[in-house]
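Novice: Going down the list, the sequences are from chains A and B. Everything in the first sequence is counted per the working numbering, starting at -9 for the first residue and increasing by one. Everything in the second sequence is counted per the working numbering, starting at 844 for the first residue and increasing by one.
Careful, some of the hints might be misleading.
[Claimed, not checked] The following label-pair restraints were derived from C-beta to C-beta distances:
id, chain 1, residue 1, chain 2, residue 2, range
1, B, L1141, A, N79, 51 to 59 Å
2, B, R1224, A, W119, 32 to 40 Å
3, B, G1083, A, S244, 34 to 42 Å
[What the hints assert, rightly or not] Non-contacting residues of chain B with respect to chain A, defined by C-beta distances greater than 12 Å in every case (computed):
id, residue
4, L851
5, D916
6, L923
7, W941
8, M942
9, T943
10, L958
11, S984
12, L988
13, A992
14, L1008
15, F1146
16, T1170
17, G1188
18, N1205
19, L1234
Hint data in this document are derived by calculation from the structure and do not stem from the laboratory. From the three backbone atoms N, C-alpha and C, an ideal C-beta is built for every residue, glycine too.
Single-letter residue listing:
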Amino acid sequence: MSNTALKTVFDGSLPIATNTDDDAFAVSGLTVAYDRKPVLWDISFAARAGVITAIVGPNGAGKSTLLKAALNLIPSVTGQTQVFNQPLNQARAKVAYMPQRAAVDWDFPASALDVVMMGLYGTLGFLRWPGRKERAKARKCLEMVDMGAFEGRQIGQLSGGQQQRVFMARALAQEADVYLMDEPFAGVDAATEAIILRTLKKLAAEGKCVVVVHHDLDTVRTMFDDVLLLNKQVIASGPIDDVMSDDAVRKTYSGRLSVHQEGPIGGAAVTPHF
Amino acid sequence: MSEFLSALFSALSLQAGYNTSLVLIGSAILGAGAGAIGVFVLLRKRALVSDAISHATLPGIALAFLFGTWAFDDGRSLWLLLLGATLSAGIGVLAVEWMTRRTRLTEDTAIGTVLSTFFALGIVLLTFIQSLNVGGQAGLSDFILGSTAGLVRADAILIAVTASLVSLVLITRIKQFSLLCFDPLFAHAQGMKVANLDRLLLLLLLAIVVIGLKTVGLVLVIALTIIPPVAARFWTDRVGPMLLVSAAIGGIGAYFGAALSSIAADLPTGGLIVLTLFSVFLISMLVAPSRGVFGSALKHFFFQRTIHERQGLLAVSRGEPIFDPLTRRLLIKRGYLRADGAPTGEGTSAAQKMARDQALWNAYRRAYPTEAMMLDDWSLRPIDDVLPKDLVASLSPELAPVSIASSSGGVKR
Chain A
-9 MSNTALKTVF DGSLPIATNT DDDAFAVSGL TVAYDRKPVL WDISFAARAG VITAIVGPNG
51 AGKSTLLKAA LNLIPSVTGQ TQVFNQPLNQ ARAKVAYMPQ RAAVDWDFPA SALDVVMMGL
111 YGTLGFLRWP GRKERAKARK CLEMVDMGAF EGRQIGQLSG GQQQRVFMAR ALAQEADVYL
171 MDEPFAGVDA ATEAIILRTL KKLAAEGKCV VVVHHDLDTV RTMFDDVLLL NKQVIASGPI
231 DDVMSDDAVR KTYSGRLSVH QEGPIGGAAV TPHF
Chain B
844 MSEFLSALFS ALSLQAGYNT SLVLIGSAIL GAGAGAIGVF VLLRKRALVS DAISHATLPG
904 IALAFLFGTW AFDDGRSLWL LLLGATLSAG IGVLAVEWMT RRTRLTEDTA IGTVLSTFFA
964 LGIVLLTFIQ SLNVGGQAGL SDFILGSTAG LVRADAILIA VTASLVSLVL ITRIKQFSLL
1024 CFDPLFAHAQ GMKVANLDRL LLLLLLAIVV IGLKTVGLVL VIALTIIPPV AARFWTDRVG
1084 PMLLVSAAIG GIGAYFGAAL SSIAADLPTG GLIVLTLFSV FLISMLVAPS RGVFGSALKH
1144 FFFQRTIHER QGLLAVSRGE PIFDPLTRRL LIKRGYLRAD GAPTGEGTSA AQKMARDQAL
1204 WNAYRRAYPT EAMMLDDWSL RPIDDVLPKD LVASLSPELA PVSIASSSGG VKR
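Please model the complete structure; the sequences and the hints are all you need to start from.
Specialist: So this is what it looks like as structure tokens:
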């Protein structure tokens, strides 16, 4: 990892990556408060292009809030977001955001293909209606997640994993440079997990920046390249091998459990190899 | 009775005079616009807001009447009254928005407070106007229950033009509104101004409610924006068709109700329109193919047969005899069983296929219990039609011994 452009600053014993010139997605000084209670405190964090970065932390650590606040979807007290060194507002078209599956009402009158085409609305003109070209593109994105056979089905009649694939296809349709995914692996079957991970890896290999909120500590090491350990503030960030130390993980989950004694976090056992 | 019917027919076929025809056409366009905007109001889960808007118009109407009487010696101009209605409803909406944003009150609480307060103020003002003994005040009560009786040509044109404009703005924003209703976070992340879109939706709703006041009345105008989309939802699973169906239902309901009231002038138009809409709703609820009551009953009937057939074939695959008369009858009818209950060749191969399918489904249920629970009766269909092929393939290795056992051991047992 020493030959990457990532600079690592050591704060005590834990590494924290800071913004460098070629970071794809960078947040600096982000603080979010609900009713005067800070939920995120002074977050500075950068994600590289070409790799998958996981945001990991206990429940209530502010993982989803970090994505939303970075995109200005919820108000923040302070903080800036830069996308390829441009302010967010000039670069929204380069960012694809995937909300949690539970954030929408799946009884909405739309087919799987309709939802994927929503990913193309941003590039369509104000008065232009999606036509044959857009349909073909949306279909291709559905096929990439093996959902081609389900394009006409009402989205409420899809299983949870299939709904997640539709969301993935919609993100693909956006053809963005930065992909911010909120819990893409939550509550999905193994085949869906595999196909989504494969798709994300392909995006990373194409030089895209992929940031994933993840709840399962157990799989972090095998699935991702970089990690941000978060618990209301940045505990550590950078390449997994540098960051995922016993010490850092314990610090992230401190007050909630003692890692080696209690084991499970959100259903996943913390294995002793950290 | 036949007199009534022929009068109704001549009204419906626009032969009951120029003015009536204009009012009918105006009402139909109003109903269609209300039905269309109602789709997004419903999908955004803000159906109650239109009730707040309509009730908040009353003080504005009363004040506009007082102003007109004082300034022009005549308070009956529809333009002036609707302007007053718009202003006070606008203040009502802003009050709801402000209370929801600045306090811990939820939107429905804020709506309840604003709705009742504005309506109370309106009623007090109306009673005050009645005590004044000025001309034209009788028409004001039309705004509460609705009447087409006082509508003149200019009024009908005002209603039609405004409703058409609202529909036009709506058509140009179908994409944005769909996204706003389905996934506002995603819409926002794409750079859409979600707050502005919400305001535009409210503004269009406000315009429809205000121009619907005179015809339908403020108590019932909410029905014009809620019943058509709810009825339309029974017929379709897509936004575009839902918009068309909802607009058609609203248009037809308003047209028919206004025609009824034109021949029975002492009955309130609003009530007639809403009752017409309700009958369309009732029919939709009963007979709509996929989501209607009869459709569901029919589905249940076929569902039961599917279960009988499936269980019968699984029994055949296990070499068990079939006792249930319906199961037996179904399998014989399909040619899977001979009349004496022995499986035919076709029956044996169908049974093997079914056993494989069932084994795959069982493997899926073991592997993903929560996922499987969400699938409802989909698991009675062939698994390859329901689940992606990579997922089915991932189940197969686990299944291999089971499928061999069931296909070879089936007849033996």
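Novice: Now look at each hint and say whether the structure bears it out.
Specialist: Comparing the hints with the structure gives:
1. B:L1141 x A:N79: 51 to 59 Å: About 53 Å separates the Cβ atoms of L1141 (chain B) and N79 (chain A), which means 51 to 59 Å holds.
2. B:R1224 x A:W119: 32 to 40 Å: 34 Å, holds
3. B:G1083 x A:S244: 34 to 42 Å: Cβ of G1083 (chain B) to Cβ of S244 (chain A): about 52 Å, so the range 34 to 42 Å is violated.
4. L851: Holds, since 34 Å exceeds 12 Å.
5. D916: 47 Å, holds
6. L923: Correct as stated: the minimum Cβ-Cβ distance to chain A is 35 Å, above 12 Å.
7. W941: Since the minimum Cβ distance to chain A is about 17 Å, W941 (chain B) lies beyond 12 Å and the statement holds.
8. M942: Its Cβ never comes within 12 Å of chain A, the nearest being 17 Å, so this holds.
9. T943: The claim holds: T943 (chain B) sits with its nearest Cβ about 15 Å from chain A, beyond 12 Å.
10. L958: Consistent with the label, L958 (chain B) stays out of reach of chain A, its closest Cβ about 25 Å off (over 12 Å).
11. S984: 39 Å, holds
12. L988: Its Cβ never comes within 12 Å of chain A, the nearest being 33 Å, so this holds.
13. A992: Non-interface label stands for A992 (chain B): nearest chain A Cβ at 38 Å, farther than 12 Å.
14. L1008: 16 Å, holds
15. F1146: Consistent with the label, F1146 (chain B) stays out of reach of chain A, its closest Cβ about 15 Å off (over 12 Å).
16. T1170: For T1170 (chain B), whose nearest Cβ neighbour in chain A is about 27 Å away, the distance exceeds 12 Å, so it holds.
17. G1188: 31 Å, holds
18. N1205: Its Cβ never comes within 12 Å of chain A, the nearest being 15 Å, so this holds.
19. L1234: 4 Å, violated
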